[in-house]
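Peer 1: Below are the chains, spelled out letter by letter.
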Amino acid sequence: MASAQSLDPSRAGLALAPDGTDYDEDIVKMFLTATVTWGVVGMLVGVIIALQIAWWKANLGLPWTTFGRLRPLHTNAVIFAFGGNVVFTAIYYSMQRLLKVRMWSDALSRFHFWGWQLIIVAAAITLPLGLTEGKEYAELIWPIDVAIAVVWVAFAINFFGTVATRKVQHMYVAIWFYMSFVITIPVLHIVNSLAVPATLTRSYPIYAGLTDGLVQWWYGHNAVGFFLTTPFLGLMYYFLPRAAERPVYSYRLSIIHFWALVFLYIWAGPHHLLYSALPEWAQTLGMVFSIMLIAPSWGGMLNGLLTLKGAWHRVRQDPVLKFMVVAVSFYGMSTFEGPMMSIRAVNLLSHYTNWTIGHVHSGALGWVGMVSFGMLYWLVPRLWRRELAFPAWATTHFWLATIGIVLYTVSMWAAGLTEGLMWRALDDAGQLKYPNFVDIVHQLDPFYWLRLAGGTLYLAGIIMMAINFIATVRATAPAPAAAARAAA
Amino acid sequence: MANQTGQQDGFHRRVFEGKLGVFAVATTIAILIGGLVEIIPMFTVTAGPEHLAGVTPYTPLEVAGRDIYIREGCYTCHSQMVRPTRAELLRYGEWSRAGEYIYDHPFQLGSRRMGPDLQRVGGKYPDAWHYEHMRNPRATSPGSVMPTYPWLHEARLDPADVQASVRALAKVGVPYTPEQVAGVPQQLREQGEAIVGRLAQAGIKAEPDREIIALIAYLQRLGKDGKAAIQAAEARQQAAR
Numbered sequence: 001m002a003s004a005q006s007l008d009p010s011r012a013g014l015a016l017a018p019d020g021t022d023y024d025e026d027i028v029k030m031f032l033t034a035t036v037t038w039g040v041v042g043m044l045v046g047v048i049i050a051l052q053i054a055w056w057k058a059n060l061g062l063p064w065t066t067f068g069r070l071r072p073l074h075t076n077a078v079i080f081a082f083g084g085n086v087v088f089t090a091i092y093y094s095m096q097r098l099l100k101v102r103m104w105s106d107a108l109s110r111f112h113f114w115g116w117q118l119i120i121v122a123a124a125i126t127l128p129l130g131l132t133e134g135k136e137y138a139e140l141i142w143p144i145d146v147a148i149a150v151v152w153v154a155f156a157i158n159f160f161g162t163v164a165t166r167k168v169q170h171m172y173v174a175i176w177f178y179m180s181f182v183i184t185i186p187v188l189h190i191v192n193s194l195a196v197p198a199t200l201t202r203s204y205p206i207y208a209g210l211t212d213g214l215v216q217w218w219y220g221h222n223a224v225g226f227f228l229t230t231p232f233l234g235l236m237y238y239f240l241p242r243a244a245e246r247p248v249y250s251y252r253l254s255i256i257h258f259w260a261l262v263f264l265y266i267w268a269g270p271h272h273l274l275y276s277a278l279p280e281w282a283q284t285l286g287m288v289f290s291i292m293l294i295a296p297s298w299g300g301m302l303n304g305l306l307t308l309k310g311a312w313h314r315v316r317q318d319p320v321l322k323f324m325v326v327a328v329s330f331y332g333m334s335t336f337e338g339p340m341m342s343i344r345a346v347n348l349l350s351h352y353t354n355w356t357i358g359h360v361h362s363g364a365l366g367w368v369g370m371v372s373f374g375m376l377y378w379l380v381p382r383l384w385r386r387e388l389a390f391p392a393w394a395t396t397h398f399w400l401a402t403i404g405i406v407l408y409t410v411s412m413w414a415a416g417l418t419e420g421l422m423w424r425a426l427d428d429a430g431q432l433k434y435p436n437f438v439d440i441v442h443q444l445d446p447f448y449w450l451r452l453a454g455g456t457l458y459l460a461g462i463i464m465m466a467i468n469f470i471a472t473v474r475a476t477a478p479a480p481a482a483a484a485r486a487a488a
Numbered sequence: 001m002a003n004q005t006g007q008q009d010g011f012h013r014r015v016f017e018g019k020l021g022v023f024a025v026a027t028t029i030a031i032l033i034g035g036l037v038e039i040i041p042m043f044t045v046t047a048g049p050e051h052l053a054g055v056t057p058y059t060p061l062e063v064a065g066r067d068i069y070i071r072e073g074c075y076t077c078h079s080q081m082v083r084p085t086r087a088e089l090l091r092y093g094e095w096s097r098a099g100e101y102i103y104d105h106p107f108q109l110g111s112r113r114m115g116p117d118l119q120r121v122g123g124k125y126p127d128a129w130h131y132e133h134m135r136n137p138r139a140t141s142p143g144s145v146m147p148t149y150p151w152l153h154e155a156r157l158d159p160a161d162v163q164a165s166v167r168a169l170a171k172v173g174v175p176y177t178p179e180q181v182a183g184v185p186q187q188l189r190e191q192g193e194a195i196v197g198r199l200a201q202a203g204i205k206a207e208p209d210r211e212i213i214a215l216i217a218y219l220q221r222l223g224k225d226g227k228a229a230i231q232a233a234e235a236r237q238q239a240a241r
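Protein sequence lines correspond, in order, to chains A and B.
Position 293, counted from 1, in the first sequence is what my numbering calls 293; the numbers after and before it change by one each time, with no gaps.
Position 238, counted from 1, in the second sequence is what my numbering calls 238; the numbers after and before it change by one each time, with no gaps.
One or more hints might be untrue.
Said to hold, decoys possible - On the chain A side, residues computed to face chain B include the following (Cβ under 10 Å): (1) Thr65; (2) Thr132; (3) Glu139; (4) Met179; (5) Tyr204; (6) Pro205; (7) Thr356; (8) Ile357; (9) Val441; (10) Trp449.
Said to hold, decoys possible - In silico negatives: residues of chain A with every beta carbon more than 12 Å from chain B: (11) Trp114; (12) Trp298; (13) Arg382; (14) Phe390.
FYI, nobody ran anything at the bench for these hints, they're computed from the structure.
For every residue, glycine included, the Cβ atom is placed at its ideal position computed from N, Cα and C.
Using the sequences plus the hints, can you model the full thing?
Peer 2: If you want it as structure tokens, here you go:
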């Protein structure tokens, strides 16, 4: 029965569907190429701003190279350029196969691709120029915001058109997660971006003060939830079973995982405003729902890890599975850490410190980055129908990335605890023990250099991957074994 | 497969997985509830932020300064939110009240303190301190890791541009009258000259139409209304006792 096949993605990965459907693989290759390109760029900017924090002279004294302008460039590049293109690669590859149908409209697919890349280029030009709305992860100026909404509508039409014309009755769990992404992102984006333009490049949000803050963090936290989590879980639910050649561990768990996650996540935003003057009821809701989020998050993590039951011996040899296992583990770790940091007493120490930066990066580098690399190493040989040019480099990349993350998160925990404790330290007379802020700043210097080392290793890894892919794609004749495997 | 085949005809399969419309609508409802419950009460008088008497809108020069603050991404390193703890009271001053932010479009609470909180920086240092600090932070704060912002001392403000900002802010609800919007160029000049006068007393020769003057005006305004309102309220309480 078709529905049984839809549950088992390992049986849904044919180059051609049984009825001869000609999948659009070019669009997948396009998004994949963009992913690797923007990944290198975004992480390079990350390393540059890490250097600026350790050594202020790296700001260069130029307006467009200061930290305040490059930091939004880094966050936008890694989240929306790298992360976005990863997700689109995953969606365009997997949904055609899961639904046994070509994308509904090739024209909309291309419009989506080129529109999204133009938006990224516009962001890369405007942010260093200081053209910003000044809301974290929503910095892009209003004309770009409008473009995002338009491109998203095109994507959504194509997405739902494809689902509606599917050749299998049931939608596999990956599709549910993708759907929550397609639906939720425009809701967040539009509500948070509502503003009155002053000029072509400047606008003011219709919300003021803490209301603007609450809307922004409802958006910001759910950008994490619905841009960096749910579509990546969809990715995991498709590519992990395929790479492991095992069906998903539990169907029932995936149902609970999905509904609990999408319902609970949206409430968690106010944990970014604890101890602010935001009404206490809103802060409490944010904290309580954040803690409840552990349950579905860990359900998803366990569903991922247990899918490897019986395939663990392959993790030792297969870099794809290595990346995915570490990714899912980091997902579990950061979805435990996040709720802990949402507890008011913990947040009082962690908020405003590098601990938050460490937490974000254990999720971004550990979960999002690693699961993406796993998918990319799995996809490239299949899409281009040839073996990787340097298979051993994939394992080297894995270790560089893993060591890089460890250096990054450990140094940022240490830095966060150091500054958090020094800010609040009182002497016996009840006065500040470290009244000079700058003194505390310089306690963090060694941690900043260590973080820079970690980030550089991670960047070196993705550059190795990019070179590996370029060499693979440029190889003239597909290796027969790879061609056979891709066709199988 | 054992886990899955047993569920072939389960409730979820029948109701959701085969029906795109039902699934999409259910997902939409699931993601809307939390946001609606949390955000809508912020617009009602009783559940939302309390208002604070005595907090007035920014002047045009302060608006221009705030635009520069946003442009340079100051919020990536500085917060504007003092939390209610003894350590923050000692380091920064009065903790932040919701009513202080009612004219902040967008809010600038920040999420990171690479440098100190700025909510109570208004009036903490003389104008000349900020003038030097932006040119060379280490001149005023030895050991600081802040970048230099020398271009602020060169770049000029465009009164028409500031006027457009004030007009747009009036549209989102900041109570600027049409007369105030029309008078933006004059207000810019007057407040700019006042700051230039104070800088001259410190031996600094500056022009009133430079961006640095607007940024000083904004920074010197930060948290001042709130502090005054809080102190007035406390004085009233003590008198009542």
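Peer 1: Taking the hints in turn, state whether each one holds.
Peer 2: Now the hints, each set against the structure:
1. Thr65: holds (9 Å)
2. Thr132: holds (6 Å)
3. Glu139: holds (8 Å)
4. Met179: holds (6 Å)
5. Tyr204: Result: holds, 4 Å to nearest chain B Cβ.
6. Pro205: Because about 5 Å separates Pro205 of chain A from the closest Cβ in chain B, which is inside the 10 Å limit, the hint holds.
7. Thr356: holds (7 Å)
8. Ile357: Result: holds, 7 Å to nearest chain B Cβ.
9. Val441: Hint on Val441 of chain A: holds, closest Cβ of chain B at ~6 Å, below 10 Å.
10. Trp449: violated (13 Å)
11. Trp114: Answer for Trp114 of chain A: holds, closest chain B Cβ roughly 26 Å.
12. Trp298: holds (18 Å)
13. Arg382: Holds, since 24 Å exceeds 12 Å.
14. Phe390: The claim holds: Phe390 of chain A sits with its nearest Cβ about 36 Å from chain B, beyond 12 Å.
Checked against the numbered hints listed earlier, the structure breaks hint 10 alone; every other hint is satisfied.
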